[in-house]
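Asker: If you read the sequences in order, they're chains A and B.
By this note's numbering, the letter at position 95 of the first sequence is numbered 95, and the numbering carries on one by one without gaps.
By this note's numbering, the letter at position 322 of the second sequence is numbered 322, and the numbering carries on one by one without gaps.
One or more of the hints may lead you astray.
Stated by the list, open to error - What follows is a list of derived Cβ distance ranges for each label pair:
# : chain 1 : residue 1 : chain 2 : residue 2 : range
1 : A       : 11        : B       : 274       : 48 to 56 Å
2 : A       : 91        : B       : 354       : 57 to 65 Å
3 : A       : 52        : B       : 338       : 56 to 64 Å
4 : B       : 338       : A       : 56        : 51 to 59 Å
5 : B       : 29        : A       : 87        : 49 to 57 Å
6 : A       : 37        : B       : 173       : 26 to 34 Å
7 : A       : 52        : B       : 164       : 46 to 54 Å
Claimed, not checked - Residues from chain B shown here face chain A by an in silico Cβ test under 8 Å; the list is partial:
#  : residue
8  : 386
9  : 401
10 : 430
None of these hints come from the bench; they were simulated from the model.
Predicted model only: the values in this text are computed from it and were never measured.
Just so it is clear, CB atoms sit at the ideal spot from N, CA and C, and this is done for glycine as well.
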Amino acid sequence: MTSGDLQNLYQELILDHSRTPHGFGLRDEIAAQSHQVNPTCGDEVTLQVHRADDGSIEAIAWEGHGCAISQASASLLAELAEGLSVDDLEVRIAAFREAMRSRGKIEPDEELLGDAAALGGVSKYVARVKCAMLAWVAAEDALHKSA
Amino acid sequence: MSTSSVTAPATPLSDDEVRLLRADFPILSSEVQGHPLAYLDSGATSQRPLAVLDAERGFATTFNSAVHRGAHTLAAEATELFEDSRSTVARFIGADDDEIVWTSNATEAINLVAYSLSNASLGRGGAAAEPLRLRAGDEIVTTEMEHHANLIPWQELAFRTGATLRVIPLDDDGALRLDTLSEHITDRAKIVAVTHVSNVLGVINPVDQIVARAREVGALVLLDACQSAPHLPLDVRALDVDFAVLSGHKMLGPTGVGALYGRRELLEIMPPFLTGGSMITTVTTTEAEYLPPPQRFEAGTQRVSQAIALAAAVDYLTAVGMPRIAAHEAQLGARLLEGLRAIDGVRVLGADIDLPRIGLASFDVTGIHSHDVGQFLDDRGIAVRVGHHCAQPLHRRLGVTSSTRASTYLYTTEAEVDAVIDGVAQAIDFFGVHA
Numbered sequence: 001m002t003s004g005d006l007q008n009l010y011q012e013l014i015l016d017h018s019r020t021p022h023g024f025g026l027r028d029e030i031a032a033q034s035h036q037v038n039p040t041c042g043d044e045v046t047l048q049v050h051r052a053d054d055g056s057i058e059a060i061a062w063e064g065h066g067c068a069i070s071q072a073s074a075s076l077l078a079e080l081a082e083g084l085s086v087d088d089l090e091v092r093i094a095a096f097r098e099a100m101r102s103r104g105k106i107e108p109d110e111e112l113l114g115d116a117a118a119l120g121g122v123s124k125y126v127a128r129v130k131c132a133m134l135a136w137v138a139a140e141d142a143l144h145k146s147a
Numbered sequence: 001m002s003t004s005s006v007t008a009p010a011t012p013l014s015d016d017e018v019r020l021l022r023a024d025f026p027i028l029s030s031e032v033q034g035h036p037l038a039y040l041d042s043g044a045t046s047q048r049p050l051a052v053l054d055a056e057r058g059f060a061t062t063f064n065s066a067v068h069r070g071a072h073t074l075a076a077e078a079t080e081l082f083e084d085s086r087s088t089v090a091r092f093i094g095a096d097d098d099e100i101v102w103t104s105n106a107t108e109a110i111n112l113v114a115y116s117l118s119n120a121s122l123g124r125g126g127a128a129a130e131p132l133r134l135r136a137g138d139e140i141v142t143t144e145m146e147h148h149a150n151l152i153p154w155q156e157l158a159f160r161t162g163a164t165l166r167v168i169p170l171d172d173d174g175a176l177r178l179d180t181l182s183e184h185i186t187d188r189a190k191i192v193a194v195t196h197v198s199n200v201l202g203v204i205n206p207v208d209q210i211v212a213r214a215r216e217v218g219a220l221v222l223l224d225a226c227q228s229a230p231h232l233p234l235d236v237r238a239l240d241v242d243f244a245v246l247s248g249h250k251m252l253g254p255t256g257v258g259a260l261y262g263r264r265e266l267l268e269i270m271p272p273f274l275t276g277g278s279m280i281t282t283v284t285t286t287e288a289e290y291l292p293p294p295q296r297f298e299a300g301t302q303r304v305s306q307a308i309a310l311a312a313a314v315d316y317l318t319a320v321g322m323p324r325i326a327a328h329e330a331q332l333g334a335r336l337l338e339g340l341r342a343i344d345g346v347r348v349l350g351a352d353i354d355l356p357r358i359g360l361a362s363f364d365v366t367g368i369h370s371h372d373v374g375q376f377l378d379d380r381g382i383a384v385r386v387g388h389h390c391a392q393p394l395h396r397r398l399g400v401t402s403s404t405r406a407s408t409y410l411y412t413t414e415a416e417v418d419a420v421i422d423g424v425a426q427a428i429d430f431f432g433v434h435a
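Isolated chain A (complex conformation) (with noise of 0.2 Å):
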């Protein structure tokens, strides 16, 4: 009953991360954050971005309410960015925002976004595109704090 293009958006990898998101709850420890609100539905996200001693991504932590897509994308996002470089990270979060922005043209790199490729069906619902990138502008938003 439920056509293709659903069950790939909402992939079984995706509800899995929405349910059991990784990286979820903020730390008490000094670090890059930022806020950042879908002011249609309301939804939000709080996200820091904790560096290790040689400047590398420690880890993310984050927390907020949200579809499925917006949870599950913030779970995938803290899963990559574990040990990247700053860099790395910058060019993964544009190689995403590229895929989200291409209506479905642009099949997300596997290699480069790993399991976050999964959200690649989301940008053929161009209203879910904002739901999916909330996390990364937060993240390309703390970064550009801390720089």
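Given chain A, work out where chain B should sit, using these hints.
Answerer: Structure of chain B alone, referenced to chain A:
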């Protein structure tokens, strides 16, 4: 209890009548995601019948020209059609012609009133406008139930004038706390702005009780009729409100046109909001004198073809009959409410409020965000609204960030309502909330 005439006995539309009506709305026979469209988002924007489209096109191909200026034949005919449209809308809500001001939408209509009071507070409008002036210590009253359009203009008016904004709270079910009316509407109140029908809960508020309290203290009343004018017989004089606002695109009309009803004695003393051409009598380089209402409030080129199309929409609604439309939607609304409430894990907002309602329900599904519910329904061709519906304070009061809203209209069928109910049950299975 309520002054609404929704309880007046009227025969609901028959299945055959609805089928015939639907033929007037081409979009209703379209397909979405490979399914026949089930349009349950009329509370946001209603669909337009051919008669409305024909009226707009007919004007453009026959009479298009500037109104209230120029002496040629087309200009005269366009002006007459434009003013006839005003009469049509006036009659529809029980007002006189010169008490209807065209606006772009209901939001602009509310801002018109707020800015006019603001300008009066600055001394514009002279001594005649004295009763409209707001000062520190005066109070503006609204409610926790409002659409942002009937909240933020009053917040801003309070900031500009130093007046205090008072907010009538909701109870745990989402109903207006009428027991607090005398506490919140005091003798310092200058204006009370309240919605007739909640765009989230669908309940028809007991406007008479609010008006009665406002009259006791000499406050003006502005009624947000966006969700009542399209769905219920509306009589602004019977309701005894001072202002009412409506939006064309929610009542089978086009976007870009709305209307403000204002009691004549008030419009006459109100200073203008938007200024410029078409609203003046004499202009010098330093000052100007203004036309009487409604032209005083209609600066610049007017939305002529939209107004004419809105009048066609009103004619369409009147021909079907507002009492019958209300009866049809009350039936659909009851079916929707009952069906959704019966699903485990679905909470219909305001379901326990003991008031009559229009055919609209907003609901929260435990464990599934409204965006995901809406996406699932869209996959079946069902269009609903998701999000906060421009009513964040109401959602916050009821402990949710967002909800899914299904809203019916005269062209909605029982089968479409059932499709929503079935779709929500299937969504719960799909997202594995009960897995």
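Asker: Going through the earlier hints one by one, which of them does the structure break, listed in rising order?
Answerer: none
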